[in-house]
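Turn these sequences into a full structure, and let the hints guide you.
This is what each chain is made of:
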Amino acid sequence: MRYDTIIIGGGLSGLCCGISLARQGQQVAIVSAGQSALHFCSGSFELYGRCENPLEGIASLPKEHPYRKMGIELTASYAEQIKDIFEAAAVKCTGEATRNHYCLTPIGVIKPVWLTLNDYARFESPDRIPWRKVALVNFEGYLDFYPQFIASGLAKYGVKSDIHSLSLTAFDNLRESSTEMRATNIARIMTGEILEQIAAYLNSHAGDAEALFLPAAFGLFDDTAVAELRAMVSLPLFFIPTMPASVPGVRTQIQLKNYFQRIGGTYLLGDNVVSGEIENGRLKSVKTANHGNMTLSADNFVIASGSFFSHGLIASQESIREPIFGLDIYADRVREEWYDKDLYSHQAYMGYGVVTDNKFRCSIDGKCIENLYAAGSILAHQNALDEGTGGGVAITTALFVADEILRSR
Amino acid sequence: MSQDKSNITNSSFEQCIKCTICTVYCPVTAVNAAYPGPKQAGPDGERYRLKKPIFYDEALKYCLNCKRCEVVCPSNVKIGDIIQLARIKYSTSSPRLRDYILANTDLVGSLSTKMSKIVNSTLKHPDVKSILEATLAIDSHRDFPSYADEQFTEWYRREAQQEQESFRHSVTYFHGCYVNYNYPQLGRDLITLLNAVGYGVKLMEKERCCGVAKISNKLIKQATRDARRNLAEIRTAVARGEEVIATSSTCSFTMRDEYQHILGLDNSDVREKINLATRFIYRLIDSGEIKLAFRDDFKRRIAYHAPCHLEKLGWTIYSTSLLRMIPGLELVMLDSQCCGIAGTYGFKRENYRYSQAIGEPLFRQIKYSGVDAVATDCETCKWQIEMSAGVKVEHPISLLAEALDIEATRALNGVK
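For the protein sequence lines, the chains are A and B, in the order given.
Residue 0 is where the first sequence starts when you use numbering that gives the first Met the number 0, and the numbers rise one by one after that.
Residue 0 is where the second sequence starts when you use numbering that gives the first Met the number 0, and the numbers rise one by one after that.
Just so you know, the hints here were simulated from the structure itself, not pulled from any lab data.
If you're wondering where the values come from, they're calculated on a predicted model, not measured in any experiment.
Treat each hint with caution, since some may be false.
In silico lysine-lysine, BS3-like type, Cα no more than 25 Å apart, as pairs [as the list claims (entries may be wrong)]:
1) A:K68 <-> A:K340
2) B:K272 <-> A:K286
3) B:K128 <-> B:K391
4) A:K68 <-> A:K82
5) B:K220 <-> B:K88
6) A:K340 <-> B:K17
Below you can see the structure in the form of structure tokens.
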């Protein structure tokens with residue numbers, strides 16, 4: 000089977016790259032080993048979380064950092080371009096690369112971010128939260144949402160909270176298997192009459208609260224349920240991300256994947272690339288577990304297989320490696336230097352990944368593979384947690400690589 | 000077993016990082032709260048069961064073995080296999096008469112084709128359906144597939160076998176129970192198509208059911224016996240230099256993966272030679288070995304439904320790519336989701352309402368799609384969709400045969 004470009008990895012980065020290429024007329028296939036880390040998405044994306052203006056902050060990052068390799072100008076331009084892709088895919092979010100806003104995390108931390116999905120709680124600044132009192136509403140029996148944490152997080156900034164526990168007979172069925180009362184399963188029943196019952200409860204219990212906060216358990220496949228509920232309640236209503244699996248994350252994944260397929264992309268889910276045929280410094284084709292002797296060939300390849308979580312990188316007792324091609328990686332040699340025993344300290348391993356040239360092309364034994372690009376969290380010299388750069392690197396490097404591929408023709 | 004003693008198993012459950020992604024895509028979890036969900040039923044439960052079998056939960060019977068949990072798992076945990084193996088190893092419930100009848104497709108099929116007119120009209124009668132529900136717990140809402148009046152193999156030996164020797168290339172066809180007893184036309188369509196491109200179609204000496212129905216009804220000894228027989232036949236075909244192709248995605252999946260993972264039979268020497276008809280044909284076209292020519296007057300709008308086991312194989316692309324090659328065929332891709340029937344699962348009274356609830360979004364999408372027919376590679380998906388969405392369902396191979404310009408195709412491939 001032959002494509003213009005084959006992308007290994009179907010998460011945020013792989014999908015953004017695939018969409019960008021398909022929009023510009025390429026035949027693209029994405030091979031994805033299971034679902035991606037987007038299923039843990041908080042409803043927000045970070046570009047750079049350590050200062051007010053992410054684009055200014057990027058300048059202080061080390062020169063090997065993916066943003067610095069692209070340069071501030073291109074990073075800014077891709078941060079702008081993604082808005083168009085998200086809009087076309089019906090992923091509705093807002094935010095500016097020149098100024099972070101703030102979101103609420105599942106444990107009540109107020110955090111600077113770049114883009115937030117439109118139905119999620121967000122503030123321009125923690126010191127200027129527009130409500131003096133809010134109502135935090137959980138569902139009885141639902142264990143993945145902690146209103147007390149959120150209340151204490153808000154209290155730090157002078158916002159009072161009333162905590163409510165909403166009990167509905169519709170939940171009885173869900174609670175039969177206590178482990179299965181998850182946001183994604185709750186979201187499946189959030190339609191029609193149940194939304195009306197919830198709206199009635201919210202309207203009668205809000206008291207003197209000025210806004211309503213609910214767990215993000217509405218609208219698994221699209222935001223219809225969100226719009227319906229909002230239309231029925233009198234106060235402003237926002238969602239707060241829950242523990243995984245994340246409803247906004249699943250929705251974003253499905254919307255991006257559907258859009259990619261709609262514009263002609265091929266998405267092969269549940270398959271693993273096992274090897275590649277490299278000739279004269281070029282990757283000619285790859286073999287996958289499912290397709291066996293049917294090789295997949297292409298002019299260009301992108302590896303967006305993620306970091307340790309998605310097995311884009313594998314750590315054994317002795318070494319860290321990229322498992323498909325054995326690409327050159329940056330990592331400390333001695334295991335003791337990989338991590339700090341204090342969980343909250345700087346963790347070196349998070350900055351490990353594949354090393355690339357300035358076009359994000361990978362190499363093996365120091366020799367460049369001219370048509371194999373890397374994008375997203377597999378790239379070395381980024382530390383998503385320290386820097387607050389996870390979503391931004393995934394998105395901007397994906398769009399950069401897509402343009403490099405188009406330019407290489 | 001020594002594995003149990005050392006508390007180490009072959010299964011991949013230690014790789015589970017408890018991310019819960021599988022539970023998002025489990026079709027059963029979405030409709031049946033009594034089912035503990037793939038994570039709990041699979042890797043989580045396995046840790047307990049290894050300590051004490053008493054932790055086995057009979058609700059695992061609700062798993063319909065679609066393997067969609069495995070397709071979405073980012074950690075390559077064989078969740079579906081873990082659940083099926085636990086059912087076989089720990090469940091104390093025995094198969095009932097109904098399960099024997101549903102699972103013994105060869106026996107029931109042979110008898111039914113001999114008196115197909117009586118069987119078909121009887122099984123349509125509401126009173127008979129009520130009796131079947133009362134006595135056997137086969138749900139009375141379910142339509143039965145009708146039986147053919149002649150088995151495919153009988154027709155083949157009489158009408159087709161002799162000329163198959165005259166072709167340059169040959170392939171062995173695993174027709175499966177459905178083609179043999181219910182719908183021989185699909186087998187004939189495959190022969191028409193392959194003959195036109197220069198391939199003779201051979202059958203096995205004695206093909207048995209692939210065993211999927213016996214596996215899901217816990218008739219493991221019988222399933223293993225059938226599987227050994229089939230593997231021997233497959234090895235004979237491979238020794239002749241032939242691949243073995245099935246038109247049923249589930250037959251192909253079962254022989255490739257379930258024989259090894261569930262029945263513990265080593266099929267690694269021939270696994271790569273067990274293929275699906277659409278993938279086999281696609282590869283011949285892709286490598287330039289054959290060419291197809293299509294009629295100008297074929298015009299149809301068709302929706303494709305991806306069966307769960309075909310999704311697990313990762314081979315949906317071959318069937319849809321072939322359909323896209325037909326100039327007059329407008330293809331509508333349905334969302335990839337389980338239709339709910341899962342072979343014999345949806346026939347059982349205790350599963351019927353879940354089966355229909357699982358398929359409901361698919362049925363709705365089909366009804367709104369405005370297509371002439373649905374195409375799919377799985378026979379039980381066909382029964383479910385025809386009954387529940389009221390649209391005719393055809394196999395991609397039958398559509399290709401219908402659209403094919405036979406004379407032009409023969410000429411292109413140098414077949415006299």
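Hints breached by this structure = The structure conflicts with hint 1 only, although it agrees with all the remaining ones.
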